[in-house]
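Residue numbers (our numbering), protein chains in the order written: chain P, 710 to 1001; chain H, 21 to 127.
For the record, the hints were derived by calculation from the structure and aren't laboratory data. Think of the CB as a built atom: it goes at the ideal place given N, C-alpha and C, for glycine as much as any other residue. Be aware that one or more of the hints could be misleading.
[What the hints assert, rightly or not] Below, in silico cross-link-like pairs of lysine-lysine (DSS-like), each with a Cα-Cα straight-line distance of 27 angstroms or less:
#1 H/Lys101 with H/Lys62
#2 H/Lys49 with H/Lys101
#3 H/Lys52 with H/Lys101
#4 H/Lys49 with P/Lys768
#5 P/Lys926 with H/Lys49
#6 P/Lys768 with H/Lys101
[Said to hold, decoys possible] Now the in silico label distances, taken between C-beta atoms and shown as ranges:
#7 P/Leu853 with H/Gly27: 34 to 42 angstroms
#8 H/Arg95 with P/Pro936: 22 to 30 angstroms
#9 P/Asp772 with H/Ser123: 25 to 33 angstroms
#10 P/Pro867 with H/Asp60: 36 to 44 angstroms
#11 H/Glu112 with P/Met710: 14 to 22 angstroms
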Amino acid sequence: MNFEAWLQTATHGLPQNRVSAIRAELTGHYLDAVDDYLLQGLSSENAHHLALRELGDAKSVCDGLRSVHIHRYEYWRAMVIACMPSLFAMICLTMVGRPNPYNEVFLWAYAVFIGISGWLTIWATLNSLRVISMIAYLGDEGDLPISLIRWGLYIVFPVSIFTAWSNQWVFMAMINAPTLVYAITADFNHPLVIIISILASFGLMCIGVGWLMLAFKLTRLPSIILPLLRGTMFVMGMGISLLSVGAVMRDNRLASVSTTISLIFGILTFAIFIILFYQLGRNSNPSRPSYA
Amino acid sequence: MNINLKGSLPLLILHILQDGENHGYRIAKRIKEESEGVLDFKEGTLYPTLHTLEGQGLISASDHIENGRTRRYYRLTDMGKNALTSQLAEWERFSSAVNRVLSGGEA
């Protein structure tokens, strides 16, 4: 590990307005130590190696800094920011249901609504992932699953708009399962529908696999509810992966069932996050310096 | 020797800062030098303690740029001076109690 990687780990997840000052302070310390070792006659390589070793374990330093700089209200704020738009979008989609397919104005309005909800969901999910990564000290280990989920969402987002516009049942099933009745699909052999379904399934598979990977990586969460959290994330990931199979096969029933599973376990996951944040926040230090 | 300094580190920091303002690296060096290497700790762990003391108002800090490096200098506040006095008294009481037990209650 070089000093930059050490610094990255030690300051990972700290509030943005304090990171640069803390990084500068730790960098100054490290360079002073290197200078001292060089004055003692050590080679540059040895001086850097010893200075880094003297700083200690980056994760322990990160733990200590977080306990000083992160407050319970910051966890709660992050949680609310992360969850509210997702919940809002899910509730609205469930309540509104599907408009009359023969009324073009409604269909376009629905497409706009789905587009906004989809974007809110992407934003909220990415915020959630940032918070998960922060509290689980994932650092670089979280990069791949989080990127998979991010790009999966970016692919699925246009599909959700297409869904509303095209009025294809299989896509409707993906986003609006609880209000669906199974129907006979129309014109599934249209080339555009085939291309979109392949794209959608690819995006959904990315999201599903990303969640599954993330569930396995959450080993460092200091909580007795970790197995529960991993379990709900695992089922959610499986649900989303199954949904991608539903999209490929253009199977309404599979899409509906897997969407419902993903939704239920997604809400459960968020509920567990709330408990987790409460637990972590309770242990945080009541005082901290003013770095703002 | 690796000694868990967590409990006594704030007292050591306050004690060193009573000689005047100093930055993290020098504080760490002084603790190690003056204890002749007995109190050997990982220097990164000093900063959470420094930031906690700052948050409690026992020390204050200001940034200085020296040779292109940012150094955060810490100094004792009035509240810190009072805390140092009471923590020193507490430490004396604690260490003399331990010594009494170790010497079989003779002290």
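Here is how each hint holds up against the structure:
no. : hint                                       : in the structure
1   : H/Lys101 with H/Lys62                      : 26 angstroms, holds
2   : H/Lys49 with H/Lys101                      : 22 angstroms, holds
3   : H/Lys52 with H/Lys101                      : 22 angstroms, holds
4   : H/Lys49 with P/Lys768                      : 22 angstroms, holds
5   : P/Lys926 with H/Lys49                      : 38 angstroms, violated
6   : P/Lys768 with H/Lys101                     : 32 angstroms, violated
7   : P/Leu853 with H/Gly27: 34 to 42 angstroms  : 40 angstroms, holds
8   : H/Arg95 with P/Pro936: 22 to 30 angstroms  : 48 angstroms, violated
9   : P/Asp772 with H/Ser123: 25 to 33 angstroms : 38 angstroms, violated
10  : P/Pro867 with H/Asp60: 36 to 44 angstroms  : 58 angstroms, violated
11  : H/Glu112 with P/Met710: 14 to 22 angstroms : 42 angstroms, violated
Of the numbered hints listed earlier, those contradicted by the structure are 5, 6, 8, 9, 10, 11.
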